[in-house]
Amino acid sequence: MYQKAYGLIETLAPLHVGATAGEESGNLNLIFRDQFTRTGIVPGSSIRGRFRSEMYHADANETNYWYGHESVTGQENSTTESLVKFEYASIVWLPVFCPGQPIVWVSCPRLLKRYKRIAGVEGAVPDPYTGSSNLQGRESGGQRTLFFNLGFLTIHKVQDFTGWFPDGIQQPAVVVDDSDIGMIHDMALYRQSRVALNKEEKKVSEGAFFNTEALPEGTLMVFPIALRKEDKGATWNPFDDGKEAELYLGGLESIGFGHCRITLRGI
Amino acid sequence: MTSTKVPLMFRAQIQGRCQLQYPPSNDAQTWAYEWVVKASDQVPRFGVGVKTRPYTFNWRFVTNSGQDEGVIRPVIGARGWPFYPGASMKGAFRRVCPPELVKCYCGDDEKLSPGILRFHGGYPVDNRWTDRKRLVDVVHPQESWQIRHESHHSASAQISLYQPTLAFGISSNTVLSEEKWAEIWNVWERALGLGLGSRVSAGYGQLKVKHENALLTVNLKGQGPASMLVNKSPEFRPNMFKAALRGHTLRLLGGLTDAGNAETITKELWGGFAERNGAIVGKLGIAFDARNLELDRHGNNQLPVYELEQGTLSILAMKSLEDLERQQLAGVTGLLVRFTMLLGGFGKSWRRVDHRLFFNSYATQPRNPMIGCHWEFNSVSRNLYYPVNELAEVTSYLKKIRGAFRSWLKSKDVPIIPEGSNWCEAWHPDHVQVWGRLAPNGESQAVKWFHGPYQGAQTIKGSALAGKMGQIGRIWHRMYPRTTTNASGVIQGPNGYVELLTIFPDDSSSTRAFLEFLQTRSEFEKVWPL
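Protein sequence lines correspond, in order, to chains Z and H. Convert by adding 614 to the 1-based position in the first sequence; the result is the number in our numbering. Convert by adding 30 to the 1-based position in the second sequence; the result is the number in our numbering.
It is possible that part of the hints are untrue.
[To be verified] Within a straight-line C-alpha distance of at most 16 Å, the following computed EDC-like cross-link-like pairs (lysine to aspartate or glutamate) qualify: (1) Z:Lys817 <-> H:Glu298; (2) H:Lys349 <-> Z:Glu815; (3) H:Lys297 <-> Z:Glu815; (4) Z:Lys813 <-> H:Asp161; (5) H:Lys262 <-> H:Asp161; (6) Z:Lys727 <-> Z:Asp792.
Bear in mind the hints are in silico, worked out from the structure with no lab data behind them.
If we strip away everything but chain Z, and leave its shape as in the complex, we get (with noise of 0.2 Å):
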């Protein structure tokens, strides 16, 4: 009954998708996280009004078809059902850079695990503290070690990750254990503390001062879509030219966030 695709975010800015001041009180914008591996997530929804923003502008009711009739007031059974659906977007492969090492790419088994499910990858799940083959460290005595900010790394073994990387292309990369990455990640993301200065002079204002993080560009994303099979056989064609487009997601977009480049394969 659905047909099974699913989109690739690649951050070509960094991405803040977050609640502003929500979950933390205080001068703290987060992103969300899964609350499992800790990990920056796109949610569903997130996506979904994106995508039917970008379609709404060019054919609402185009837009309403594929995406489902509001509800109007005062009028019963006025809503329809969607017939794309989004799940979320989780993190395949997270860029980190170290100085003094090489910026690698990380990912842990539950992450590549869903990228598998959800793009049908062959072969078994990296174990842990796996390297890819092009990967530099730091090797003495044997052994190839990485820098993390909180802690060395040993890589125990290696492994061709091109079929991981899902445009082909192997990048300097390791999976770390589920444990990890959650501390790994934080340490990558994209950090600033900001202040806004004075309007008439270059000082800051009172009280103008936050902390905000964002997943960093370069950060390699997968969410599924399920688009559900009509008979009048009309194609879900979200992008203008082809399948590949890019947007803007998430929040502070007139400062530079947000822009990313989404491929769609399956549709």
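Using the hints provided, position chain H relative to the given structure of chain Z.
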């Protein structure tokens, strides 16, 4: 693996772990190395539909990421590249954007509606920024040492980008005409004219664009010893202009009112720290655009020297000023620039004349260090010279400058304190004397007195008056290019020099003997105070 292998970027800023700010630790160098060595060599690119324009900074560019307390280091983005955040870009844009366009471009605060523009930030266009010899920038405040002759002064390191070219990206969520885009870039260039990032009043973050906020623009040329970075590479540092002007502001005010008032007014003008109350944003800043600049080495010690054929010094208003205040400040800064040019110079060794020009036999000895600098106005700014038909005119210029500062203070209701401050170099008739002579053939008489006896066995060499290594002397020496006016008041020259000695006498017998010598046995005449 041991903790010593932890990259410095992840270490605490404490002694024994990482002291980025403290130059002798050499940590800043290591930090910079660890940063850039593995940063991606791939230049960041903007996405489709983002309009970009590259701009090159005149000198250094510094933004503070706020990530380490007590140290200024840049915002580092993905894959290790430094950048200028989109949020900062939007702030700078918004500030200069005409009020009628702000809501459309940047959003409406009241209705919480978004603007049409997106600011993507600025990224280096190539990897020249990774020259780590240049990343570590040493700042060395010397005010209390030079003016009050206090002993404590120390340098601190910060990380800044040297003459980077950044491409700034803006996109719009609606399609805009070419004219609209031209208007947007025009607003952005006005924002650039005010400087980006931190320390803009000292010449950081300035670009080769029109400075709409310039109070005064001066064309200069000069030569002298160049500054050195920790790793000994030479650099011509425009912040020396602000240092000189700020220093003379303090000296002149310190001769008219007490130390507290003099410092307050100086901070009001040039900015500074207000202890518990944070920082004060000054009203004035500088931008310097150097053209035809050459850096070279001098003598056995290979000390770096610069030769600048053409430079433009702009004194900028860093805040919006009322017309009256604008006029007053343009006047005050004009006097400061002329005062600096009359009696000293800019940059290192500004208390001495350039020995290559005025004591060639000394300068050409390879063992001797490079001493002194020499600055002149270029022909465009020639009218800024004080014409000296007779030596007595110098007296009236100095009177005029001090008088102008006095009436400016009065207009601000700052009390005039007759005895002034007690600083060593306060510009007060009890503290300072200026002696001069005309040197039509261009030869300096006094320069030799700093290197040998001036009469018999009497010498000021190495004394408290002339100073030595680690101790600031109490005498300035300057060969001021002499212009004259003809009968119809037209300026002639420069032709020859006016040789000037500015002395802050101590009460030692050698200083008294030297002043006596000047009075009775030399060609010099006392020109101030009279």
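> Which of the stated hints cannot be reconciled with the structure, identified by number in ascending sequence?
Replying inline: 4
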